[in-house]
Structures are given as C-alpha cells and as structure tokens.
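Residue numbers (this note's numbering), protein chains in the order written: chain R, 1 to 314; chain Z, 1 to 147; chain G, 1 to 139; chain H, 1 to 651.
No lab work stands behind these hints, which were simulated from the structure alone.
Check the hints yourself; a few may be wrong.
Just some of the chain R residues that point at chain Z, by a computed CB distance under 7 Å [claimed, not checked]: (1) 172; (2) 211; (3) 262; (4) 266.
So these bits of chain Z aren't anywhere near chain R, every CB distance computed over 12 Å [what the hints assert, rightly or not]: (5) 9; (6) 18; (7) 56; (8) 60; (9) 87; (10) 94; (11) 137.
Source: prediction; values computed, not measured.
The C-beta atom is built at its ideal place from N, Cα and C for all residues, glycine as well.
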Amino acid sequence: MAKIAYYPGCALNERSSHLDRSARDATVKLGFELDELDTWTCCGAVPPVSEERVMNLVAPSRILKDVRDSGRDILITICDFCYNTLKRTNFSIKSDEIIRKRVNAFLADDTPERDYLEKDDSPWEDYAGEVKVIHLMEYLRDELGYDKITESLKRSLKGLKIAPYYGCVMLRPQNEIQLDDPENPAIIEDFITALDAQPVKYPYRTECCGSYLSVSSPDASTRLCYRILTSARNNGADAIVVSCPLCFYNLDSRQKAISEAYPDFTPLPIFYFTQLLSVALGVEFGRQGFEKHYVDVTPVLDKIASSTGKGDSE
Amino acid sequence: MSEKTGLAPSKSPPIRLTRETVNAGFKKRVDALSGQHTDACYQCGNCSSGCPLAQEMDILPNRILRLAQLGQSDDIINSCSIWICASCFQCTVRCPKGIDIQAVMDALRQIAMDEGIDHFGPDQISPELAASVPQPGLVGVYRKLAT
Amino acid sequence: MFEPKIVCFLCKWCTSAGADLAGTSRLKYRPNGVNIRFMCSSRVDPEHILWAFHEGADGVLIGGCHPGDCHYEDGNYKTQARVSLLNRLLEDFGIDTSRLRLEWISAAEGAKFANVMNEFTEELRLKGPLKLAAREMAK
Amino acid sequence: MKRIGVFVCHCGINIAETVDVKRVAEEAKEMEGVAYAQDYIYMCSEPGQTLVREKIVEEKLDAVIIAACSPTLHESTFRAAAEEAGLNPWQCEIANIREQCSWVHTDREKATNKAIHIVATIVQKTKLNESLEPIPVSITKKALVIGGGIAGIQAALDIADSGYKVILVEKESSIGGHMAQLSETFPTLDCSQCILTPKMVAAGKHPNIELMTYSEIEGIHGYVGNFKVLIRRKAAFVDWSICNGCGLCMEKCPAKVSSVFDRELAKHGAIYVPFPQAVPNKPVIEQDSCIYFKSGQCRLCEKVCEIGAIDFEQNDQFVEEEVGAIITATGFETLPVADLAEYGAGDVPDVIDGLAFERLLSASGPTVGEVKRPSDGMVPKEIVFVQCAGSRDPERYKPYCSKICCMYTTKHALLYKHRVHDGQPYIFYIDIRTGGKGYEEFYQNAEEEEGIIYLRGKVAKIFRDGDKTVVWGTDTLTGRNIEIAADLVVLATAVIPKDSTAELAQKLRIQTGPNGFLAEAHPKLRPVESINSGFFIAGAAQGPKDIPETVAQASGAACKVISLFSRDHLEQDPAIAWVDEDLCGGCRICISVCPYDAREYDEEQGIALVNEALCEGCGSCVAACACGATQQRNLSDSQIKSMVTASLGGE
C-alpha cells in the first residue's frame, strides 16, 4: 500500500485524535496510508505578531526540509491551519530568495552537524520549497480522484443534506494557497457529492467562525457561529462538514453558548470531513469519536444506517 | 498641542495635520512591519463591508487604515479593533489595491504591544477552555494578542 | 373638478423646445393644454386667439423666446405688441385678459414651461369656464 | 378628400406606459380624412419605417402622420421614409405625444385624451398641407471660428486643411487661450506650451486661415450658408503690418500693469504681448493703462520704435465678412476667488486659484517654475488644495461638476511634490472623478506613491493667521475635523462660461443652457451643433471639458462644417410666406414687419410680393396682413383655425 508523508499537527495528534484516526481509517479504505513523519514539531498555526518574520518560518521549514530529505515530495495535512502555515512557508521560501537564504541559515545553525552527516553522507542542501504541501481533501480531488471515493462507497449518504464550511485559512490568502476560488469554492461541495450526499448552498460558508477569538472574545465567536449555523440550517442542512479542528470546535462546542443566548436555536451536528468519509467508506461509527462531539450526531447517523446496510462490523 | 486645562477632554478634537504628523515614523513603521503600503488605500471600504468582526469593532478596518495614513497612532493603538481582527484574510483577498490588511493589523498590534499595550494574558483564560480548545486556538491567541 | 381647456401657441425655437425639455427631464404638469407649434410667436394672429376662445378655450398661452433671443431678430417684440393691443379689446368681448398669457420660455427652461402650465391651469380653474356670449350666438 | 394614415408609436413603454396607444389609433381611424391608423412598438425602427412605407403604397395614402416623439428628433427620418414610398416629404407630419404628452403626464386617461387631441390637431393641418419643393440656396464656403483657444485652433486647422477658408477671430491679441497658461497637462505631463505652440504657429501660417486677433464679433445677419458678420478689429495702437516684434517698446514702457495672462502674479507694460510665444507676436497698447493716454505725455514706445509702428491715432476698424458656417469656441473662465467669501473673498494673499498655480508651476511663468507664494515669495511647505470651490454647490454657487479639477489638482499636487520634495500637499475633495483614459491610474499613483494626502470633505473656511493660511476642513473617512496651518492654498474654482458668452450668444441667436454655457442641439446625438443651423460649438464654451475632449469636439465641429461645405447648395424650408395677389391691397404693412427685407412692393401691380430666397418663414408678415392675402405655406390661417378647433376637441 502506498505511503504518503503525513503531518498530523498538534490538534489532531492530541485533543482531536479521533479525527486523525478517521483519516487514517478512510485512507486505508482508499488504498493508501498516511505515513506520519518520524519527528515533527508544531508548525506555529498562525503567523505571529513579531518583527522577525523569518524566524517564524524556521519551524515549518524544518518540517518540510525533513520531508524532502527523506526523499518524499508530497506532504499531506488534514488541518487547515497546518495546511495554511506549511503552504505559505513554502510559498515564501520559493518566492523570496532572501527569505530562503535566511531561513536556511537558521536551519543550518540550529542543526547539529552530526545529525545530517550521520543520516546521510550527502552534504547540506538548502531547502528550496521542493515539497508539495497538500490538504487531504486536495489529495483526494487531484491525486486520487473523487470518483475513486464514489466507487468505494460502502454506506449511502443519499438524501443527506450537508452544508460545507470552508472557514478562512483553507482558501485564504488565495494568492499563496491557490486551492480554490476564495469567493466561490467547490472543493467541499464536490467532496460531498462524491459521498453521494447533497451539498447545501448557503451564504456563510466562507465567513469566519471567530478562529482564536473563541479564546479571547468568546461572545464575538458565538455571534459568528450562530449566523453560520442558522444560515446552514435555514437552507436545509442536516449537518455541516468542516476541515479545520478549530472550526470544528467553534461550530460544535459553541452551540452550548448559542443555545443559552438564542432560545430559538436548534442544534446542528458538525462532522469533520474525514469522519464522513470514513463512515461512507464503511468504517464503523464507533471509531469516529462521535461521543466527543457536543452536538449529538445520532439523527444523521440513523439516516445513514437506515438507508444502507451495515458497515464493517455493524 | 495638549491642553492641560483641567476640563474634560474634547470628544472629537480636530486633527491638526502637519507634514511632521503625516510623515512621522508611525506610518513608515506600519509599512515596514507589515510589508504593505498604507498610502495605497483609497478608502473604498470593502475591507469593512465584508469584515465578519466589524460589528465587534469600535473603529472599522478602513478607518483604521485611514487613521494610519494620517499618522494618528494614538487613536489606533487604543482601539479595540486591532485585537478583534481574527486574521481571516477576508479583507486581504478582496482589497482592490492588494493591501494585505491582515498584515497591517498584525503590524498595529505589534506597535501597540511595543507601547506596552497587551491585550491578552494567560490569566484571562479559564482552565476548562484551556483544556478543550484545539491548539491552533491557543497558539493563535498568544501569537496574535500577547507579547 | 373643472378642467379648463388651454390652447398653446409655441414658437419652435424656444418654448416648444423648452416643452420638449420638460419632457426629457420627466417633469410633470397638468394635461390641460394642447400645443400648436409655429416657427415664431409672431405668426400668432390676434384672430387665432379670438378663434380659440370662440371654439371653447378657457385660456390661451403664447410662448416665445426671451427678448433679444428671437430667432427672427425681433418677432417676439411684435408678438408682445400684438398681445397688448388685443388685451384692450378682450375686455370688450367679455374675456378677462388674464385668460391670455404671454410667456418667454427658452429652450433651457423646461421647468418654467411646466410651472407655467400648472399655474395657468390652476388660475383658470379658480376663474371657472369662460362664458362667452359670442360663442353662444354663433352656434 | 386626402387619404391620411396615422401611425402611433409606443416608443417601447415611453409612450405606451401613460398613453393608451391602441385607443389613440382607434380614435384616429374615426377622424375625418384618416383612411388608416395603426400602432407599433418602435416606429423609428427599420420594421416601423417599413410599415409606414408599405401602408402608404397598400392603402394609397396621400399623407401620413407619425404620432411619436418630438419632430426635432425624427421628422427628417419619417419624411425620408415617406419620400421613399412616393410621397412628397411635406405630406408627412409629426404629432408629438412623447415629450409633450406621455413624459409629462401621469393620469393615463387624461394623457390618452390629450394625445388624441394632439393627433386630431395634426390631422387638421395635414388635410390642407400642400406638396412643396425645397428652395435651393447657395453656400459661402468659408467658415468663421470665434475663439482662438485650443478648440478654435483645432477646428480652424481641420477646416483649413480640407481646403476651405477660415476666419479665426480672437478677442485677445494672441491665440492660445487658457492652454497657453498651463504648465504641464494631465495625465501624461506633456508640457502644455510644447504641444500647443506648434499648433498656434500652424494656424498663424496656414494659407487658408485668416487670423483676426484683438477682434470681436459686432453683429451677424443671414442664415446657414449665407451669414454676414461684422467684426470689430480693436485698435492696438501698433501698426502690425510693419511691427517686427522686436519687443523694445515693451522693455521701455514705464507703466506697470498686472498681467491677466499671469493671473496678476506678474506685471508688464502698457504695451505688451501676453506671453513670449504669442501668435501673432505683435504688441498692443492697453489704453486704460498707458501713461500717454492718461496724461498726454510719455510716448516712449514711439521714440524707441525705429520702424515707426506705434500709432496713437489708430481707431477700431469694422470689417464685414461673408461666411457659410460659424463655430463658437469661446472657452471658459473660472469663478473669481473674490466670489468665495468663506475662502477669504480674495483678500488672503496666499489663497490663489488653479490657473494662478499653473503660472507658478510654468517654466515660462513669473517664478520660472519655482513654487513661491504670492505674499512673501516663500516656498510653501504645507500646501492645501481645495476642490469644488464653487462647483457642486447648487445653493450658493454652481450646481454642476467642473469636471477638470480632480485631475488638475492631482497634477498640481504631484508637480508641487516634484519641485518641493520636503513639502506636504493635501487635497480636500468631495469625490474624486477620474473618468478618462489613464486618469484613474494617474490619480491612484499620486495618492499611493507621491505622498499626497487626500482628505474627503469640503473645506468650510479659510483665513489668515500670521503668515499662515488656516484651513478648516473635515475628513469624513475618519469622522474627524482637520485643521491645517498652510503656507499656500490653491482653490479649484468652478469653471464658468466666459462673461462675454451670453452677449455673444445673443448676437448669434444661439441658445445657452441654465448655467450660461452654450447649448447643444441634442445632449447625446448632436453635441457639436447648436439647434440653429449653421452654428456649431466646440470646447469649454459648451461646458467644462479637458483638452482631449475639447480637441475631439473641435474636430467634430470642423467635420460638420466640412460636410456642410461639401454640398453644392443647401435646401431651405419652403414653408414660407406667399401672397394671394387678388386679395393684396398693397398696404405694405408686411414690408414694415419683415426682418429680412423679403417683402417687396411691386409698383406695377400695386401689391407686396415675397422674395422666396430671402424669406425665412417666421410668419410675422402673415399675422400682420390685414386682409388675409399673405399666407404661410402649410400653416395657413384656415389650417390654424381648424387646428385650434381640433385641439379643443371640436370638429
């Protein structure tokens, strides 16, 4: 089975490890394996407020250089923040020679000589952006092909209305990310269609959920999430699918605060895209960590179960 | 021209523009930190129109840029807006003049922090939140809002 | 409500063009007048005016170019002279001279044309229909 | 009885919305003489015109009435269509049910009734219309261009290049106009003098152009193709035929006169040329300022002029010229700073207008291109530009946008910045309007790269405080008021018509609009013509315009003149006066009222005849005729009477 270099990132490594598991399960069903890097550090998630911009590219660059040095040219992430950070780092290194030189100087400085001499006899080689950072969904669309997913479906999601939620950093800034049209994207819609479910159109799919303001200004985030969820619900969604652990957290966990603030609010289940994929490919519900969700996903699962036979063990 | 009269301060004192205020270090520092050209902004207001957090701000994003153009640093660093920006890049992708407004916001936060204005500290986060929020949320808030 | 009937003799160069401008500017005014276009207001014979009253007009408007602006040098002055002469006779016919109105309205004065039509209509409304003995006798 | 066809146009919904066009057509069918009536959505379209032509033939119509828009728009269109179908064009009439009915009324019932009355009125006229033939008139193939700015120069050159003679009349002693005053031109920053001077010289040397500078129009008679123009050539007190332009007289003249050309930022003698590149480069003596004329002593200029060109005895000369077409290109002026009370009413020395700033920027200006303020010659470090100074202010000044200020103010600020690197320009504006090729890019570059601060707000007050000029403005973009202690303030004053425009328009009998600019025949489709045939307009005399637009319009007007001159003869409307010789008593009152000497007394027959070549068809003599012997073709008294009756709803 093909192995693709995989960077889980902090969130999926720890607090959202169930999402990591669903991704691994699903990809195996599709015939390839997510091969977690031997050693990796935090990518940094967001560019910090700092005068020293180059310094902050060092950590993600080291991750990328390690991938390249291990002889691989694709790195998959399934977290939008990791994707954004790694891809933009690559962009900076490729498009700006000064940044490239300075980053590599830091990397070289910071790496004990024996580390690379022991591993390999080849001399130091600057990292120049050789690795292609790719979102799992992008991999499914461009490398594997969405039709391959459709062919492999084991459960029917037919009739399920799923609202795609893009959030911010999966698409923006567009000139550096270039995954899809930031104003009118289709990648998640097409993913939903590939799962034989029905994508829901609604205007809030690219509006921010509040991101890290969930920590510093929770009320602001609550208001934003309320707008997104209500819009999706009003447009007929049974659930929302996301591709970022923070979006997942905000849209799911914030529903507690939303229900308190807005009495008329009806909760809406949230899925990580890997969960839906995994379920559709027949992996048992029990491996998805649905019990960690704040909003009960059972009504959606019931629909899936009733319209198809069983998965692996059900 | 600070007036120490013992009276309550004016609500909306006029800006007394001189070439010194306009060209003082502030705007240059914003541009240097952000890598952007603040003067390119022609005040169409698109950044504010589409900002998901505009309703939480005391000064809308376009006006933040405007104040920066006129060198009005005090108004900006005392504004809550720079701390409300969620770095969602909505304004950045839509700016007709190609200004990365998110980067300008980061620069303004930097300047505010240099002035000793910190928006967020570890003590402001509840233990349960700290234990549940995914790491990008925690890392984000510290990297964007605190020194 | 009484709807007076107005005959409007307008010169082509100024007042009729002004009336056209009222149209292109989409100004609104009362529909009580029908315009008859002459090359110059000086084509208006006092007899035309009397005929209009005879035929049932409650008012007659003559529109020409402002003094000095006549396309035919001084036609509007002639019109003015003729109208003031006719005014002396109108009373004898039992016609209030205010039922005959002479206005200088340029091609740029669409608004003035509209105002004049509204004012004149209103004025004639207050006056009521023209009762003309000669009209009855002729019939 | 004539068979008349009535065609009622919907004009899309323009007529049909307020007038029941079907009912108008039905009612028309019932009118006496109407043999056919029909409505159609766009009568002026090709299918509409085809309908008219086909029905003329099918229904054997003798005359047609098109109930549609104003005859000024499509009378000629439909007359041509009628002629194609075999009718005499004068058997086609227009009933105006759009501009004078559907567009001005809202009550559908009343508007429909009025439209029916309008059609009935025109039916009565048409019943008695005769078939006429146009009267051929010769053309004098020589043009008069009034105004020697860039518009007049361009128009004159275009006409002259096509082989026709042109007289170019200019009030000042040199052609060049305002463009000669400009420093550099937006958005390319071409030096104005450099691009204008060659054209001035070309106009001065062109064999087909006769320059008449220092001249004004006194009066005009005639009609298209045959105008007689009286031109006053003002006394220059210098014999230009021998003056060689050496300039010695100007050097020696002891009088000091504020230069109009330099916007009073410099002085010249009483004998002067307005600027060194003048065409013709001949001086004039300004009588009011000349010491000799005032005190009877001096004549220094005469003493130094070796060739004896000074002539204190000169008088104004009057010349009469015959021309076939006239282009008016008299340009613009700007609202005097003195009119703007809140901006210092002209009493603050360091508040100047845009044209004055052009002179300060100009390499040939009073400061040789160095920006120095008038009060003390200091190089201003804080400079404020105020846009819409008198424009877009319907309450107190001019309601319209002066169009050129956004661009020239940006140019001013930019040129200032190029000359005073450590200076700070500020521009107060209400809106920035940069509709023009390369204009927006020019403005964005200035804002982005040149450090010009644009402040969105109208300045409320400007006053002097010590050696500073304080500006009170606002910036609506920050929501904060702005105060600037400026070293110099430049007002973009409103563009207004030359004060002589009204008088000239009256002399020419051409129309002006509500703001005093010359009026075009149609705002979109006939922008370079006056409504009066033979008169054309070009440049800022018609409305605020920049140079490229002015040049385009001037070439457009020239093209119209050339197209007029390309014809062998013109056709005059034959709807003129005629005399029933049996009825004429020979009282000759008609002769006294005719402005054209078109009525002549025939001694032999004892009656007054009509000279058809001279009659303009005003109808004045017809109204004056006591016995009804004089009638107007296709507008006879009996036609008018039946029209009046029909307009009142009678039979």
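The hints, checked one at a time:
Annotation: interface hint on residue 172(R) holds; nearest CB of chain Z at approximately 4 Å, less than 7 Å. The closest approach between the C-beta of residue 211(R) and any C-beta of chain Z is roughly 4 Å, which is under the 7 Å cut-off, so the hint is satisfied. Nearest Cβ of chain Z to the Cβ of residue 262(R): about 16 Å, over the 7 Å cut. The hint is violated. The beta carbon of residue 266(R) comes no nearer than 22 Å to any beta carbon in chain Z, farther than 7 Å, and the hint placing it at the interface is violated.
The beta carbon of residue 9(Z) is kept farther than 12 Å from every beta carbon of chain R, the shortest such distance being approximately 27 Å. Every CB of chain R lies more than 12 Å from the CB of residue 18(Z), the least distance being 28 Å, so the non-interface label holds. Not every CB of chain R lies more than 12 Å from the CB of residue 56(Z), the least distance being 5 Å, so the non-interface label is violated. Distance check for residue 60(Z) against chain R: the nearest CB is about 15 Å away, which clears 12 Å, and the non-interface claim stands.
Interface exclusion of residue 87(Z) from chain R breaks down, the closest Cβ pair being 6 Å apart, not more than 12 Å. Consistency note on residue 94(Z): stated as away from chain R, yet its beta-carbon is not over 12 Å from all of that chain's, at 8 Å minimum. Distance to chain R contradicts residue 137(Z) as a non-interface residue, since its nearest Cβ pair spans about 5 Å, not more than 12 Å.
Consistency note: the structure conflicts with the earlier hints numbered 3, 4, 7, 9, 10 and 11.
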